[in-house]
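The listed protein sequences correspond, in order, to chains A and B. Oh and the first sequence: position 52 is 52 in the numbering used here, straight run, nothing missing. Oh and the second sequence: position 145 is 1145 in the numbering used here, straight run, nothing missing.
Take these hints with a grain of salt, some might be off.
Stated by the list, open to error - Here are some of the chain B residues that sit facing chain A, going by a computed Cβ distance under 8 Å: (1) 1066; (2) 1083; (3) 1184.
Calculated directly from the structure, the hints in this document are not laboratory data. Quick reminder that beta carbons are idealized off the backbone N, C-alpha and C, glycines included.
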Amino acid sequence: MSGRYTATRTSLRTGGIMLLFTLAFTALMASTFQVTRPAIEASRQEAQMRLLAEVLPPGSYDNALLDDYVRFGPAPQIGMDAGGRVWRARKAGEPVALIIEGAASDGYAGRIGLVVAVHRDGRLSGVRVTEHKETPGLGDYIDPRKDRRKDAPWIAQFTGATWAEVDTAAWTVRKDGGSFDYRAGATISARAVTRAAGRSAAFAAQRMDALFAAPAGGLLGDTQ
Amino acid sequence: MSPQQFRDISWNGLWKQNPGLAQLLGLCPILAISTTMVNAVSLGIATVLVMTVANLAVSGLRNFVPYEIRIPVFILIIAALVTMVDLAFNAYFHDLYLVLGIFIPLIVTNCIVLARVEAYAAKNDPLTSTVDGIMMGIGLVWVLALLGGLRELLGAGTLFSGIEMIIPGASAWSVFGDDYPGFLIAILPPGAFFALGVLIAVFNVINARLAARARRQPPPTAPAPATRAEGDGEAVAAG
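Isolated chain B (complex conformation):
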């Protein structure tokens, strides 16, 4: 893998085709879990793990899977991997499992995993596919962290609540003090849509600025980080 390839994959995963902001895949777990920052990041980490392993496995097996039955086989692989990750966490990292446990089975329903497997890992070699899985996952993690942090801050006036489940002894940070009355809608499902909408708006504004600047002074090598994603996953419903 050339450094240029690595840069492209990273840029796609972290920004340009960000799963949370551009591809808008896997909205169901994103919106359901992002009530606090710790929950959101926990789900993100579990997803990174599954996406990386799923991309690696599918990429390694891609030459043995007939085109007609690739989707059922990919789903089989993802479901089996998620089950194995779930069991392994339960057995060997039980404290972490108590935090992540309810999120891990949810990952099967996350179409971003299937989307990356189908759109990338099925056509590329194991190394680049693994990097793609990691970068897409990290792209999801930072959006989830921002979304969870925003909702938690507005809704409950705290940050890092639940951190004691991961780091014993640590405690939540009451940003606005204990008298903060709370803003319930931020924590309820509609708040998730509002917050994600705001994030996507900011994302699009930044992209428009970048595109405008690239048009004014076209850099010699770097391609313009223009417009929205190429609709990689639009065939798969955002579930």
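This is chain A alone, in the form it adopts within the complex:
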């Protein structure tokens, strides 16, 4: 009788201590989260701004770019199955450029995330890879920070390319008869980025007016 009583007491006591530790450390984590949240949000915005500034020079527009965006619904043709965002750059209220999120699902190692900036007249302002898992030292030159040629990074060739002048078939690497360079040894990564950049640019260029007209924070349904 007393043995069973002790066993129950021990389990209850141990369980109680475990509960106390869990509560204490959860409270610690929750308060750290609360304290750090404003600072984290600020750095996240700053990081996003820096990324956008890489594809579109900050001097070319004067609106609050991060707040002036439109969401679009599922668009599998540009790799955004769950939809994505488009930021709208304006100068004195006039449309300047769109920055659109896109993705390539046919990279060498899975998904490659992109942002593509397209000027009002269809010229590309820049392309940047936001996430990828391509082979280090081989396919990762698609990210200019990993590109060994700092003077002429591979990704820079898209700046100034025009959607209107390059037809759909040519938006790929030279090896496939397209008009863009690739580096020997890793064609797949370059091909995936080139084709995805072309599709995203076309998506934005074809809906330029609708995207600029939509209310900020709104959702664009026409994605097919």
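For this one, chain A is given, so just place chain B on it according to the hints.
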């Protein structure tokens, strides 16, 4: 803590029971991250931080933790600390976080932290436990630096690539010039095993030499730095 104790803890952490070469704990992050020297050292520094804080916290709380539930409580403490370090880095050292950020959550999965907490901090006072955490961490850092440097040098022909993320303006050192064709296998996962194998072989050769010399002329005080670690963490799988 006596100077002798300090020397023993340091010798254990830096050499004799080195987490990377002797205990072979935490292989998963070691092998995954050591593609470049900067990555490897970054992960090492984050680990030193977490190990030190975890050892201190567990050692301070060790008298309140019942023996039966010590492992879940230790994991709880480590996970909570890692989360807090992660949040604090993200908020206050954002540039460093962009470099270390992906490695910090990985530290929870690193069994070296749990191994030191269980094998050392749960039985010793906070001061020696903290020193143990620091020394074990530094032991890991130099092995990671060597491993990362070796793989980067062979694989890409550079050293310190990615240093600009930590020191803006600095740039990688192209040891073999820009024409180096690269040696891909050194950067891919198998290269990590090969390189670590070579390092452990060298470690064992040096230990065998030290042991032989100690046998020939036994020093009056210092114990022979013999053989391999006492299998401190062998109960914990190398994850």
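Results of checking the hints against the structure:
1. 1066: For residue 1066 of chain B, the interface hint holds, since the closest Cβ of chain A sits about 5 Å away, which is under 8 Å.
2. 1083: Holds: closest Cβ of chain A sits about 5 Å from residue 1083 of chain B, inside 8 Å.
3. 1184: 6 Å, holds
Of the numbered hints listed earlier, not one is contradicted by the structure.
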